[in-house]
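Residue numbers (numbering that gives the first Met the number 0), protein chains in the order written: chain A, 0 to 179; chain B, 0 to 416.
Because the hints were derived from the structure by calculation, they are not lab data. Bear in mind the structure is a predicted one, so any value in this text is a computation, not a measurement. Yeah, the Cβ is synthetic: ideal placement off N, Cα and C, and Gly gets one too. Among the hints, a few may not be true.
What the hints assert, rightly or not - Beyond 10 Å from chain A on every Cβ pair, some chain B residues (computed): (1) D29; (2) E106; (3) I136.
What the hints assert, rightly or not - A short, non-exhaustive set of chain A residues, derived as facing chain B with CB atoms under 10 Å: (4) G76; (5) V83; (6) N136.
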Amino acid sequence: MKRPVVIKERVWVLRDEQGMAIDDIDTDQIYHNAHLAITELEKMGQFALGNLPGWEDFPQKAKPGDILIVGRNFGAGSSRQQAVDCFRSLGIALIIGESFGAIYKRNAVNSGFPLLICPGIISQPGKIDSGNILEVNLSAGEVYNHTTGKKIEGGERFSQVQMDVYQAGNLFEYEKTILT
Amino acid sequence: MGFTFAEKILAKKSGRDKAAAGEIVTVTPDRILSHDNAAAISRIFQKLGRNKVVNPDKIVIILDHCVPAANEKYALNHKEIREFVTEQGIKGFYDVGTGICHQVLPERGYAFPGLLILGSDSHTTTYGAFGAFATGIGRSEAAVLWATDHLWLRVPETYRIEVEGTFPRWVSAKDLILYIIGELGADGALYKAVEFCGPTIEKMSIAGRMVLCNMAVEMGAKIGYVPPDEKTFHWLGPRVRENYEVITSDPDAAYERVIHYKVSNLLPQIACPHQVDNVKAVYEVSGTKIHQALIGTCTNGRMDDLEVAASVLKGKRIAPGVRLLVFPASLEVYREAWVKGDLLQLAEAGAIIMNPGCGPCLGAHEGVLAPGEVCLSTANRNFRGRMGCRDASIYLASPATVAASALKGHITDVQSL
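Pulled out of the complex, with its shape left as it was, chain B reads as follows:
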């Protein structure tokens, strides 16, 4: 019997010949990611009584959660982080304005096949799209990693999700992952490694694969993973200088479950308040009035997303009473969308073009909601109170659905336009 990707990579990173699902291994990661919470991590680290981090070259810190700082408290956190990275000789530091960590890390060549990436953010799973084993940890764990370079992990069992068929017009990776989460539930893949494969995934863009891996955590998954292929190597080509080893599951690996999906008849999907697995087809809730529409976040703030939104809104005007906020995921995306004209088209349609960053997704600033308001967002979470206000409602959908809904002023099936 062969081994899964998760078993193979965790054996390698723990210096063992082999590891089996369910075992506890002590690993040494290749990257340790954090963002604005590096301030809290550095305070925990200092209490551990160590002066220097073990390996500053493994640490990457990208400020994105509340950028630029919304108040003195956040400003102080950012200042502490700048001082800490200087003092510790951490070169992988990206200040306010570079973008969301889950976009910047791959863009800057830190995420590639065969790496073990641990990050103090739950959406660290995104880098599975590049063939890495990437998962979220807590801030105390991150501090201990800075201090010791070791952490125990449980080797997860693996679900293999095979997808076939061609997406109908306006339907994309976001609709697929929402559909899967709706089917499996918020704990449907709890502690599991989830591999996405099959003809649909092979044809899917890197951006689409990032959406799947990003949201795998919303069904409880430890990691999302897409086997690397020519498309991956091509994307990484200009960004990664190091050689890398591609690790994939053996053909006879033991999967706990194999699940099949077909997308040829998939309808646009939407997650309704207040849980990500409360998924319906968009037409079932169409007509629901919205006050704010958001395109961006680590789920859907890439070129693919801005292009599709611009193609829906080009030459038109969003409905009165709707605020459309657009957050390119990174400076690189911002520039490209600027040069290609997408941002101008969106702005002319009435969108507010914001700076790269997490924006109001986690309720910190830049567009939090008021009681009774409804927001339709391309983000990954719609928990009660997620965007600041407990008495507001959040729906999640694809950029195409959000753009179409901003145009009409209510939730709209983009296929009906």
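Next comes chain A alone, as it looks inside the complex:
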């Protein structure tokens, strides 16, 4: 195993001002169409969540290695890959969500960027808050909150293909391994 299967870091939980999970965050809120002409990965991070009310300053707050926790259907909408790349650009280590838009999930998995599905992680109260330290085992789907000292149930382990692409680095490296 070349890349880490256990990730232990601080989390940001995508809630609104009322403390509710924000579901169905679309790719225009994650990475607005005004910045589509940018092609360099390192320039994309500054616009991450820039069109999501209350989260415009996320790029200034986030540190490399942080984990992002999101609600249902995160990344709905267009096939825009910048909506994944902006988090890679910031060095975000992992996104855990209740569910993800289908193309968004593929874009992340095939970029070798780890996404973990964990239904209920935000919508069920009391499990997690911004600033908590989380330990996540990607291959077992285990999520442990060090701050509360409690395990969070429901995490889905990486599928075989997801783990293979993650370990290969990205889709192209993975395709080379299965073609040879």
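Model the placement of chain B on the given structure of chain A, informed by the hints.
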């Protein structure tokens, strides 16, 4: 137990005897579509260290997102794409002015039953209307496909949506799909294959079926699909030279859900800001002032749509203070609507007739919004900021509703005219 369309076609395209929902298969697609983002894809492709695409005949590139180029950056992208297709011997290239990819691909005979079509655009689902398995992918995936001709896919579970009844006057496929998305939610069919069938779908035009499959992705679906029939074969007749195999679900296929709808009493529907599943009956928001009205896009820029808009607006004049933009979906549609007189009727009613293309739907150019403005559009997305400005509001409805509302200057139930 039989198999669904999705299971059967993905087994075939991965060289297996069978495939079941939930399995991962490695497929070889029949078509790989991209548009203006072919510039970014070609840059990723070049970094992969391959000189030539594996199969140039599978690749179709149609410039539509920002055509003609709005600025130097877009112009440079288009130039790079023209050079790339020449260098790679890609014959399936359609330059600025041909139309929106999701209209041009079927028109030019690239979409038909039994094909696996992967496109670097989320509305690639549109070709399910012709019995293809068609879905959106990302740009890195497209680059890897150019380089390897392989991609892994998860075989989706299937929802079967059965529709019966006759649409009331002025109510159409757009109202139906908005209603369904409102009922099921923006993630109501996440990762699922959605089959549309039943007497209403059998009677529905090809254009209407394209609307359903186009917007299936707005409830998270992997694909939309309509079983091909005589209407499909007739439409494809003059366009497709190859023989094709029709693949349909077995009568005893295992569906995850079967959902029934009746349209006989369906009212005109509208998606309100800022989510596509925020759907209401039009009368509930009628009176809301609009500044811009848009008829076009890959959802509703076809002849059916321009005809119904022209029939609402013929001999009348849109309200002062409203900008009505009309984008025929393709050159073919433009010509037909020109010859039949629809474009003249719309122009005389005050519409601005634009060139075929995506227009301002994704906020690039040709009618972006200002803060505080309201746009009523026939498009498929009303996300906050979608049409360029974050402080503007977008409503989505049928061409009939948009035309009626442009006439009155505010959101109007077309049945009340």
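Status of the hints after comparison with the structure:
1. D29: holds (18 Å)
2. E106: Consistent with the label, B:E106 stays out of reach of chain A, its closest Cβ about 22 Å off (over 10 Å).
3. I136: Its Cβ does come within 10 Å of chain A, the nearest being 7 Å, so this is violated.
4. G76: holds (6 Å)
5. V83: Holds: closest Cβ of chain B sits about 8 Å from A:V83, inside 10 Å.
6. N136: violated (21 Å)
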